[in-house]
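S.K.: This is what each chain is made of:
Protein chains: 2
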Amino acid sequence: MSTSKPRTAPAKKAAAAKATKSPKATGVRRGLVEQEIYDHATRLFAERGFAGTSFQDIADAVGLTRPALYHYVSSKDELLARLVAEITQDSAAGIQAIADRADIDVTRKVHEIVAMSVRRQAESAARFQLLIRSEADLPEDIAATHTAGRRAVLKAMAGVVEEGVKSGAFRPVEPRVAALGLLGMNNWVAWWYQPDDRNDLDRICEQLADMAVASLVQPDDRAVSRADPRDVLRLVRRDLEHLEELLDN
Amino acid sequence: MSTSKPRTAPAKKAAAAKATKSPKATGVRRGLVEQEIYDHATRLFAERGFAGTSFQDIADAVGLTRPALYHYVSSKDELLARLVAEITQDSAAGIQAIADRADIDVTRKVHEIVAMSVRRQAESAARFQLLIRSEADLPEDIAATHTAGRRAVLKAMAGVVEEGVKSGAFRPVEPRVAALGLLGMNNWVAWWYQPDDRNDLDRICEQLADMAVASLVQPDDRAVSRADPRDVLRLVRRDLEHLEELLDN
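Going down the list, the protein sequences come from chains A and B.
So this note's numbering is basically just the index in the first sequence, starting at one, shifted up by 14.
So this note's numbering is basically just the index in the second sequence, starting at one, shifted up by 14.
A portion of the hints provided could be inaccurate.
Intra- or inter-copy, both count: the list cannot distinguish identical chains.
Simulated pairs of lysine to any residue, SDA-like, Cα-Cα distance not exceeding 20 Å [said to hold, decoys possible]:
| no. | residue 1 | residue 2 |
| --- | --- | --- |
| 1 | LYS169 | ASP211 |
| 2 | LYS169 | ARG212 |
| 3 | LYS169 | ASN213 |
| 4 | LYS180 | VAL250 |
| 5 | LYS180 | LEU249 |
| 6 | LYS169 | GLN103 |
| 7 | LYS180 | HIS256 |
| 8 | LYS90 | ARG57 |
| 9 | LYS169 | GLN208 |
| 10 | LYS180 | LEU254 |
Simulated from the structure, these hints should not be mistaken for laboratory data.
In this text, all values refer to a predicted model and were calculated from it rather than measured experimentally.
My request is simple: use the sequences and hints to build the entire structure.
M.R.: Next comes the structure, spelled out in structure tokens:
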């Protein structure tokens, strides 16, 4: 569809950026154009699949000639590599950063990790779905990056579960299976989340994070998780919402 | 790959079945051949995608000519329709059957539904992944069946969660979001389960079902009837007192 009217507003911006030669502006503008190209490419990959999108399609969508596009990116693989890095490697790094925090207990870690992952899935649903759909079509080196990223995500998540089991905060679950269960809960968000009236993203993150914690904690360890005033406030807020529903009906 | 040696053992069986004219045996043999065709077709769909598999590819894999294959199935759409029905409609029916049971409580229902769904995902992982990957390529009427099946699964699952919230057995979660969270936990199994040493399917089903139940049930100290606003207010008052203590210390 974008091929029929190639010179869109971003396309003009891109062309303008290319025409400008001021050395000071170049870095910023180059960044903007590259972001523009990346956004168009990921949208096309999502619509047509990675294999079904050519370098020319991307040039058409951005409103650049093929040679002009080469000025910014060397191949569609480069764009795909960035997408894979964003989806899997950044996820793993984000989870590990929370796992490494010394200022919160393991229950809070699980809560924060799930809330963060659910938000990430909701906000990049199309790109995440695309990646899963295209797994079989990925060039070999990018597939390797993707697999390494998925493994790092699982390792970080299973590590937190194991920490909780060892400390006695969590029930004696098998950490790998528990981590895969929680990752499934998070990842599936990309398949059902739509930004609409039914879906308040803050509440969804909060509820799934609560469920994840509850799925793991020792039943008699509730007192521990209530040592933090924020956890108590969360319980109160939930009860007030429930009360509101009861009185509305 | 199967095109290079089309006349495999099942192919000979299929040809033999076709040649046999005994009316008594026909029904059984026809069934066997149809199963053979279905198995080959789903494997090809999984390997090459639905759009990338032709009717001729299926004929080659089974070792039948195209006209002979027409004797059993009218099109590849017919095979795909059966696959969609098995994956989504049968799932929905299975969940609803457990939801309707009067002999078990709602906690047990969630346990049985999740254990059943996880097993189903593990046992038809390739077919489930294929369906998710091919969603965009499905012919319109089959896509409609698929969507209806997915909705029925969600409705049955959310119904059980709602039953639990109303009875006070579950925390006051939003049933649809909770159902989607649990379905994610189940569906993701198709992406990671491999029948190998690390994965004892019985234990995986049991652990994920336990986690699903724990993610929903009221901790013991909150297991009061929450249908009465006064009970909810009492919980809120207790939590506020607890909060006061925390902040005083």
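S.K.: If a hint holds in the structure, say so; if it doesn't, say that too.
M.R.: Okay, the hints, checked on the actual structure:
1. In this assembly of identical chains, the alpha carbons of LYS169 and ASP211 lie at most 20 Å apart only when taken from different copies (18 Å versus 35 Å within one copy).
2. With identical chains, the CA atoms of LYS169 and ARG212 are at most 20 Å apart between copies only, with a shortest distance of 15 Å across copies and 33 Å within one.
3. In the homo-oligomer, the alpha carbons of LYS169 and ASN213 lie at most 20 Å apart only across protomers (16 Å), although the nearest pairing inside one protomer, at 30 Å, exceeds that limit.
4. For the homomeric pair LYS180 and VAL250, the shortest alpha-carbon distances inside one copy (18 Å) and between copies (19 Å) are both at most 20 Å.
5. Within a single copy, LYS180 and LEU249 get their C-alpha atoms as close as 17 Å, and across copies as close as 18 Å, so both meet the 20 Å cut-off.
6. For the identical chains of this complex, LYS169 and GLN103 are intra-copy neighbours only, at 12 Å inside a copy versus 35 Å across copies, given an alpha-carbon limit of 20 Å.
7. For the homomeric pair LYS180 and HIS256, the shortest alpha-carbon distance between copies (11 Å) is at most 20 Å, but the shortest distance inside one copy (26 Å) is not.
8. Only within a single protomer do LYS90 and ARG57 lie at most 20 Å apart by alpha-carbon distance; the minimum there is 13 Å, versus 30 Å between protomers.
9. In this assembly of identical chains, LYS169 and GLN208 lie within 20 Å of each other by CA distance solely across copies; the values are 17 Å between and 29 Å within a copy.
10. Proximity of LYS180 to LEU254 under the C-alpha cut-off of 20 Å is restricted to the inter-copy arrangement: shortest distance 16 Å between copies versus 24 Å within a copy.
The structure fails none of the hints (numbered hints given earlier).
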